[in-house]
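Given chain D's structure and the hints, the job is docking chain B onto it.
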Amino acid sequence: MTVTVYVPGDAGALSVGAGGVAAAIAAEAARRAVALRIVRNGSRGAYWLEPLVEVVTPAGRCAYGPVKAADVPSLFAADFLSGKAHPLALGLADSIPWLKGQQRLTFERVGIVDPGSIADYVQHGGYRGLTRALSLAPAEIVQAVTASGLRGRGGAAFPTGIKWKTVLDQPSGQKYVTCNADEGDSGTFSDRMLMEGDPCSLIEGMTIAGLAVGATQGYIYLRAEYPHALATLRTAIAAAYQARYLGADVADSGKRFDLEVRLGAGAYICGEETSMLESLEGRRGEVRVRPPLPAIKGLFGQPTIVNNVVTLSSVPWILARGADAYANFGMGKSRGTLPIQLAGNIRRGGLVERAFGLTLRELLYDYGGGSASGRPIRAVQVGGPLGAYIPPAHFDTAVDYEALAGIGAMLGHGGIVVFDDSVDMAHMARYAMEFCAIESCGKCTPCRIGSTRGVEVIDRILAGIEGERNVRLLEELCDTMVQGSLCGLGGMAPFPVQSALKHFREDFRARVR
Amino acid sequence: METLPPAEEAVVRRIVAEHKARPGPLLEVLHAIQSALGFVPATAVPAVAEGLNLSRAEVHGVLTFYHYFRHSRPGRHTVSLCRAESCQAMGADALAAHARRRLGIDFHQTTSNGQFSLEPIYCLGNCACSPAAMIDGRLYGRVTPEAFDALIAENAPTP
Numbered sequence: 001m002t003v004t005v006y007v008p009g010d011a012g013a014l015s016v017g018a019g020g021v022a023a024a025i026a027a028e029a030a031r032r033a034v035a036l037r038i039v040r041n042g043s044r045g046a047y048w049l050e051p052l053v054e055v056v057t058p059a060g061r062c063a064y065g066p067v068k069a070a071d072v073p074s075l076f077a078a079d080f081l082s083g084k085a086h087p088l089a090l091g092l093a094d095s096i097p098w099l100k101g102q103q104r105l106t107f108e109r110v111g112i113v114d115p116g117s118i119a120d121y122v123q124h125g126g127y128r129g130l131t132r133a134l135s136l137a138p139a140e141i142v143q144a145v146t147a148s149g150l151r152g153r154g155g156a157a158f159p160t161g162i163k164w165k166t167v168l169d170q171p172s173g174q175k176y177v178t179c180n181a182d183e184g185d186s187g188t189f190s191d192r193m194l195m196e197g198d199p200c201s202l203i204e205g206m207t208i209a210g211l212a213v214g215a216t217q218g219y220i221y222l223r224a225e226y227p228h229a230l231a232t233l234r235t236a237i238a239a240a241y242q243a244r245y246l247g248a249d250v251a252d253s254g255k256r257f258d259l260e261v262r263l264g265a266g267a268y269i270c271g272e273e274t275s276m277l278e279s280l281e282g283r284r285g286e287v288r289v290r291p292p293l294p295a296i297k298g299l300f301g302q303p304t305i306v307n308n309v310v311t312l313s314s315v316p317w318i319l320a321r322g323a324d325a326y327a328n329f330g331m332g333k334s335r336g337t338l339p340i341q342l343a344g345n346i347r348r349g350g351l352v353e354r355a356f357g358l359t360l361r362e363l364l365y366d367y368g369g370g371s372a373s374g375r376p377i378r379a380v381q382v383g384g385p386l387g388a389y390i391p392p393a394h395f396d397t398a399v400d401y402e403a404l405a406g407i408g409a410m411l412g413h414g415g416i417v418v419f420d421d422s423v424d425m426a427h428m429a430r431y432a433m434e435f436c437a438i439e440s441c442g443k444c445t446p447c448r449i450g451s452t453r454g455v456e457v458i459d460r461i462l463a464g465i466e467g468e469r470n471v472r473l474l475e476e477l478c479d480t481m482v483q484g485s486l487c488g489l490g491g492m493a494p495f496p497v498q499s500a501l502k503h504f505r506e507d508f509r510a511r512v513r
Numbered sequence: 001m002e003t004l005p006p007a008e009e010a011v012v013r014r015i016v017a018e019h020k021a022r023p024g025p026l027l028e029v030l031h032a033i034q035s036a037l038g039f040v041p042a043t044a045v046p047a048v049a050e051g052l053n054l055s056r057a058e059v060h061g062v063l064t065f066y067h068y069f070r071h072s073r074p075g076r077h078t079v080s081l082c083r084a085e086s087c088q089a090m091g092a093d094a095l096a097a098h099a100r101r102r103l104g105i106d107f108h109q110t111t112s113n114g115q116f117s118l119e120p121i122y123c124l125g126n127c128a129c130s131p132a133a134m135i136d137g138r139l140y141g142r143v144t145p146e147a148f149d150a151l152i153a154e155n156a157p158t159p
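Residue numbers (the working numbering), protein chains in the order written: chain D, 1 to 513; chain B, 1 to 159.
It cannot be assumed that every hint is accurate.
Facing chain B, from chain D, some residues (calculated, C-beta under 8 angstroms) [said to hold, decoys possible]:
(1) Ala224
(2) Gln341
(3) Gly344
(4) Val417
Result set (DMTMM-like, lysine to aspartate or glutamate): computed pairs, CA atoms no more than 25 angstroms apart in a straight line [stated by the list, open to error]:
(5) D:Lys297 x D:Glu281
(6) D:Lys297 x B:Glu28
(7) D:Lys68 x B:Glu154
(8) D:Lys443 x B:Glu28
Short derived list, chain D residues pointing at chain B, Cβ under 10 angstroms [said to hold, decoys possible]:
(9) Leu14
(10) Tyr47
(11) Ser186
(12) Leu263
(13) Leu342
(14) Ile346
(15) Arg348
(16) Gly349
(17) Glu439
In case anyone wonders, no lab produced these hints; they're calculated from the structure.
Keep in mind the model is a prediction, meaning the values are calculated, not measured.
Cβ atoms here follow ideal geometry from the backbone N, Cα and C, with glycine treated the same way.
The following block holds chain B by itself, in its conformation from the complex:
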């Protein structure tokens, strides 16, 4: 079975040690791992389970229940497009089609140069400024296809 590289294993063990005394720590631990590594590798599950005295199945079950946790390394920038009703009322479907064409990928995929991952998201709470998008935690509203292209250009790889 594949194992976690030693450096990452150390990070995971440190995070578990930091959180294990708190009540109900598993989600906090998974968030901290994703913040540190960019995703939660399946190979981190045994160390988390051992550290928190849970079964691997329990940890796997939680990790895979929540949409927010990623199971593979994402692109350098994560582009999330809101797919919910308010944004649909303002052209989110057309924006999504444009984004897929512009990036050449579908939702849940990463561009071949590793620059962008495209994710669907269900409401960013910016519904008076629909359609909304989020790039690496920065929120954007009233996103037209032209505005989307400008944001992608801003985040394009530097030559």
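Next comes chain D alone, as it looks inside the complex:
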């Protein structure tokens, strides 16, 4: 019988050698005249174990990792194709403690299925959400999303159902569903993993959104830094057209939904929704003044849903299993699960999907295992380059939109970047301003000029020039940017600076350069 072996084709797994491992397994199998089928799945998100190879056995999928190409002959010698013991053996993949304790709803198929196969997707529960949606009136689909409590996972945390209702309530005419896949925050990779590991769930989620609001055209705005995701999305979209889950007659319903990927071009600001719409229209990614909201006047001036990848990919689960089932996870006003990304200086980095409510400490130490360097963790930045730096004193804070806001931080897209005690927080504050200066769209003055002045002021503080006065000036400048900027880039870039000043003031002392 032909044995099936899974070797991730996920970009992160490839970056640490999965391509070479797949090639070595194929070559060794040929040499031994063993018949096997290699499936390039997504990553399960346990990146410290990548490349993670899985073999299908009668007992389940046996995992080995991290595998190097040079380990392959010894794996064959140990008969890993029957799931036998080897120094790299991890037992059944589903039983790896780091994975077993997770609550994977949105990521239930990521790392499990062949991302290019509609048949595999359907076999693992795919398109059950769409089937359910097709039996409902548009308002009922919107109601289900509202009742689930799903909030925008891109960072703004706006209730998804309310956004959809606004689009539904607009007079009929051309409407659009757009997916913001411009995942630019450092420390985040959940969108990428999903698009590479289970692109069909995004396609299904967007199709359901189209049915819900009466939109016939969807666009995925994907960042140019993700060539692997582009390839998997294009393959999956072509397969969905082939299987008639996209096009003029979605699943024999008589309803049309077309979907296309558009590439960004390396502008962080295009993760802001109005800037993304400008970019989709082929213009400079400059922020639009709101109102009007994109839900009323969005892409090409038409009513438009703008949602993040994880948000849209959560919709099929909600429709298939019910809004209540989703809302039963979580705490307070943060319902459901969040795919949290552990990044930076962390021993066991990767993707942890759990219901809201886990504390930072549990994530950093129970899942993360502490810093990769073995030194004490001094700070974490949650929510990307515009998120606050959080000191260990706040590590018992729950991962929940309101709880993090309560300590002056924000959850954003759920990325947690870990720094050990070698970090220089004044340098990180300077970087926050520098990044804002590089990425500002230039439309409003507080962001465009303020960020450049911010870098200069921090440089003067570190050079010992009128330290006290310049710290006060920096605080005022941050305040101006927060109050006066048009969008979140200039409005939140001061957050890391202010938090560094507040919690790590000792780093802002004059130093000899």
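Same frame as chain D, now just chain B:
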């Protein structure tokens, strides 16, 4: 004024013709030109503007807004190093210093033999395997200075 060589002009006109009927085509057109030519020459702007019925200023404005579009011919290999927080937490600054020394160039420059261009990039989405680098669209994680040198050696000019 400098003009586009006829062969490249033909490529640009073909790309514009292919995309002009699509909604909001300019970014798609610029991507296609960069894929075909390796960069988007300023001399391509008039043909793009004419083909899409835009002003040259509009096309120039879009071309120069986005970091991804290159305005001059890059080296044979483009080495992008992530400069963002997660990679900084794992030694990206030291790696960048090493890369600059090893290649003898700064960011946004190309080696004198035309082999390598060095570019900063702000997040490759590989933050659980920091520090990250990308060479010609291939992603690398946990890049040590030694691993970087090996990658450069792999992509060195063949004698």
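Does B:Glu154 lie within 25 angstroms of D:Lys68 when you go C-alpha to C-alpha?
Judged against 25 angstroms, a Cα distance of about 19 angstroms means the pair holds.
Next item in the hint list is D:Ile346. Is there a CB on chain B closer than 10 angstroms to its CB?
holds, 8 angstroms
Using Cβ atoms only, decide whether D:Arg348 comes closer than 10 angstroms to chain B, and label the hint accordingly.
holds, 9 angstroms
Measuring from the C-beta of D:Ser186 to each C-beta in chain B, is the shortest one below 10 angstroms?
Holds: closest Cβ of chain B sits about 3 angstroms from D:Ser186, inside 10 angstroms.
For the restraint on D:Gly349, tell me whether the closest CB of chain B is nearer than 10 angstroms.
OK, holds: D:Gly349 within 10 angstroms of chain B, min 3 angstroms.
Answer holds if the nearest beta-carbon of chain B is closer than 8 angstroms to that of D:Ala224; otherwise answer violated.
Hint on D:Ala224: holds, closest Cβ of chain B at ~5 angstroms, below 8 angstroms.
Chain B contact restraint for D:Gly344 - C-beta distance below 8 angstroms
Interface hint status for D:Gly344: holds (4 angstroms vs cutoff 8 angstroms).
So, as I understand it, the hint says D:Leu263 touches chain B; can you test that by seeing if any CB pair is closer than 10 angstroms?
Holds, because the Cβ-Cβ distance from D:Leu263 to chain B comes to roughly 6 angstroms (cut-off 10 angstroms).
Under the criterion of a CB-CB separation shorter than 10 angstroms, is D:Glu439 in contact with chain B as hinted?
holds, 7 angstroms
Starting from D:Lys443, check that the Cα of B:Glu28 is at most 25 angstroms away, please.
Given pair D:Lys443, B:Glu28 holds - Cα atoms ~23 angstroms apart, limit 25 angstroms.
Taking 25 angstroms as the top limit, are the C-alpha atoms of D:Lys297 and D:Glu281 close enough?
holds, 13 angstroms
Hint check: 10 angstroms Cβ-Cβ cutoff, D:Tyr47 to chain B
holds, 4 angstroms
The earlier numbered hints are all upheld by this structure, with none contradicted.
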